[in-house]
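S.K.: Generate coordinates for the entire structure from the input sequences, incorporating the hints supplied.
In the order they appear, the protein sequences are chains W and B.
So the first sequence is numbered by my numbering: it starts at 1 and just counts up by one.
So the second sequence is numbered by my numbering: it starts at 1 and just counts up by one.
Keep in mind that the hints were calculated from the coordinates and are not lab data.
A quick note: this is a predicted structure, and the numbers were derived from the prediction, not measured.
Please note that a few of the clues may not be correct.
In silico lysine-lysine, DSS-like type, Cα no more than 25 angstroms apart, as pairs [stated by the list, open to error]: (1) B:Lys96 to B:Lys174; (2) B:Lys178 to W:Lys17; (3) W:Lys28 to B:Lys189; (4) B:Lys46 to B:Lys7; (5) W:Lys93 to B:Lys189; (6) W:Lys17 to B:Lys174; (7) W:Lys66 to W:Lys31; (8) W:Lys17 to B:Lys189; (9) B:Lys182 to W:Lys17; (10) W:Lys31 to B:Lys84; (11) B:Lys55 to W:Lys31; (12) W:Lys44 to W:Lys31; (13) B:Lys4 to B:Lys84; (14) B:Lys7 to B:Lys55; (15) B:Lys183 to W:Lys17; (16) B:Lys189 to W:Lys31; (17) B:Lys43 to B:Lys7.
Which stretches of chain B does chain W cover? Using the computed rule of at least three CB atoms under 8 angstroms from a CB of chain W, they are [stated by the list, open to error]: (18) 95–107; (19) 137–150; (20) 192–200.
Derived Cβ-Cβ restraints for the label pairs, each shown as a range [claimed, not checked]: (21) W:Asn55 to B:Lys91: 23 to 33 angstroms; (22) W:Leu61 to B:Lys91: 48 to 58 angstroms; (23) B:Glu139 to W:Lys115: 36 to 46 angstroms; (24) B:Gln105 to W:Arg35: 34 to 44 angstroms.
Where is the CB? At the ideal position from N, CA and C, for every residue including glycine.
Okay, here's what each chain looks like letter by letter:
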Amino acid sequence: MGNTSSVSSPRVTPQDKAILQMKLQRDKLIKTQTRLSVIMNKEKQIAIEALQQNNKQRALLALKKKKYQESSINRINDQLISLENLINSIEFKLIEKDFLYGLEQGNKILTQLNKEVSIEKVDKLMDTTQEGIRYQQEVDDMLSQRLNRSEEMEVDEELKELERQELGLPEVKKEPKELSELSELPEVPKTDIEEEPVEELPEQSIQKKEREREEELLAS
Amino acid sequence: MNEKEFKFPSIYEFPPFFTKQPNLSTYNSQLSIWCKLILEYCKFYKIWQLNIEGKVISINDESDETIGLSLPTKIKENSIFENKSINRRLKPDFIKDIISELQRQQHLEFIDNTTNQQQFYIFWYTVEEWSSLILQWIENTGQQGTVLTLFELRNSPLSSNQEFHNMDHGVLIKVLNKLVEKKRATIMKDEQNQIVGVKII
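M.R.: This is how it looks when you write it as structure tokens:
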């Protein structure tokens, strides 16, 4: 037998005690009610028996008693209902209290967290971040500048060499690579064809002259 | 209350069942059948207390009048240890054996262990099992942390279909103490230091 309220066993609060008291009252009412209904039934039986024995007065008395018990039971019923109501509302209020407490706790944590995430702090943080970014950019700039200076000459030379290569073998390199130039190609022969007869003629004439010369030589 | 009567096993009609068997293994099985029979019998009639003669102790504490705990008078007057139809009854030393066997199984406890070993509680569920049953009921009905009176626990309509409905007061106290041990309950007392309520989580 121990009323041991140790660490983890449920704690009994004054409210619990009050509720217990009310519930005990309720139990008492229920018991009284049951007792009364037992008595009531007995009175009814007595009335029946009395009637069977033709004892009307006794029967009447029993019925009156029964009526009285009945009204008592009804009264108790009303009391029971109001008591139950009270118990229920108290229990519900307790839940509400817990609920409010929970809300309060949540709110507290929220405000605390908000405090930790203050706007100034965020501003400062963003500033430092921006500074960092700026710094990084500066570093980048500096690095790229240095690269230019140190390797400017080399880059220049490389460019020149590339240019030389490109210009030295311009057609060989360009022709297979670029379709646009391929499409331009057909124009070239046109001019050639026009020029060709002019060029051909001397050649042909030379060849003709040579042939004529040979023929002349053969003939002579 | 109980329309049907408890159906005794056929061995209950068998005269040698009532005498201690000389062969040890026969005796052991005889003993275990007796234990089982007693527990089933008590469970069937919701008997919480027996005396050493195998008779039901009718307890009339204040709340029982409301329950109308009415066993058939035949059951109230008969002894489980005696079968009048075959005119056999257990000898006291055999009864003692049965009692100590039930005690060993935690299905029996003397009401007053010190002076008067005449009456005992029968736990057709052990106290441990009862405590889990009650805990489960509390959980299933969402009553954790609610203050309950013992009367409520035993007699409320909420518990009417539970096996612990109308549980013996003394047994209930034992079960509740078990729950306290498990740190799942706190017992509440009234001004007369009587246990009247309990808060179970």
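S.K.: The structure should be examined with respect to each hint, and the outcome stated for every one.
M.R.: How the hints compare with the structure:
1. For the hint linking Lys96 (chain B) to Lys174 (chain B), the alpha-carbon distance of about 23 angstroms falls within 25 angstroms, and the restraint holds.
2. A threshold of 25 angstroms between alpha carbons decides the hint, and for Lys178 (chain B) with Lys17 (chain W) the separation of about 22 angstroms falls inside it, so the pair holds.
3. For the hint pairing Lys28 (chain W) with Lys189 (chain B), the CA-to-CA distance comes to about 16 angstroms; that is within 25 angstroms, so the pair holds.
4. Using a Cα cut-off of 25 angstroms, the hinted pair Lys46 (chain B) and Lys7 (chain B) holds, with the two alpha carbons roughly 15 angstroms apart.
5. For the proposed pair Lys93 (chain W) and Lys189 (chain B), the alpha carbon gap of about 24 angstroms is at most 25 angstroms, so the pair holds.
6. Between Lys17 (chain W) and Lys174 (chain B) the CA atoms are separated by roughly 22 angstroms; this keeps the pair inside 25 angstroms, and the hint holds.
7. Distance check on the hinted pair: Lys66 (chain W) and Lys31 (chain W) sit about 18 angstroms apart at the alpha-carbon level, within 25 angstroms; holds.
8. A C-alpha spacing of about 9 angstroms is found between Lys17 (chain W) and Lys189 (chain B), which places the hinted pair at or below 25 angstroms, so the restraint holds.
9. With a C-alpha separation of about 22 angstroms, the suggested pairing of Lys182 (chain B) with Lys17 (chain W) holds against the 25 angstroms cut-off.
10. Taken as a hint, the Lys31 (chain W) and Lys84 (chain B) pair is broken in the structure, with Cα atoms around 39 angstroms apart against an allowance of 25 angstroms.
11. Among the hinted pairs, Lys55 (chain B) with Lys31 (chain W) is inconsistent with the structure: their alpha-carbon atoms are about 28 angstroms apart, more than 25 angstroms.
12. This hinted pair checks out: Lys44 (chain W) and Lys31 (chain W) have alpha carbons roughly 20 angstroms apart, not beyond 25 angstroms.
13. The hinted pair formed by Lys4 (chain B) and Lys84 (chain B) meets the criterion: a straight-line CA distance of about 20 angstroms does not exceed 25 angstroms.
14. Of the pairs offered as hints, the one joining Lys7 (chain B) and Lys55 (chain B) holds, with about 18 angstroms between alpha carbons and a cut-off of 25 angstroms not exceeded.
15. Simply put, Lys183 (chain B) and Lys17 (chain W) have alpha-carbon atoms about 19 angstroms apart, close enough for the 25 angstroms limit, and the pair holds.
16. The suggested pairing of Lys189 (chain B) with Lys31 (chain W) holds, with an alpha-carbon distance near 19 angstroms, which does not exceed 25 angstroms.
17. Of the pairs offered as hints, the one joining Lys43 (chain B) and Lys7 (chain B) holds, with about 12 angstroms between alpha carbons and a cut-off of 25 angstroms not exceeded.
18. Using a Cβ-Cβ cut-off of 8 angstroms, 0 residues of the stretch 95–107 of chain B lie near chain W, which falls short of the minimum of three, so the contact claim is violated.
19. Residues of the stretch 137–150 of chain B lying with their CB closer than 8 angstroms to a CB of chain W number 5, which satisfies the three-residue condition for coverage.
20. Check result for the stretch 192–200 of chain B against chain W: holds, 5 residues qualifying (beta carbon to beta carbon below 8 angstroms, three or more required).
21. Here the CB-CB span from Asn55 (chain W) to Lys91 (chain B) is close to 56 angstroms, at odds with the stated 23 to 33 angstroms.
22. For the pair Leu61 (chain W) and Lys91 (chain B), the supplied restraint of 48 to 58 angstroms holds, since their beta-carbon distance comes to about 57 angstroms.
23. Taken as a hint, the range 36 to 46 angstroms holds for the pair Glu139 (chain B) and Lys115 (chain W), whose Cβ atoms sit roughly 40 angstroms apart.
24. Remark: the range hint 34 to 44 angstroms for Gln105 (chain B) to Arg35 (chain W) is upheld by a beta-carbon distance near 39 angstroms.
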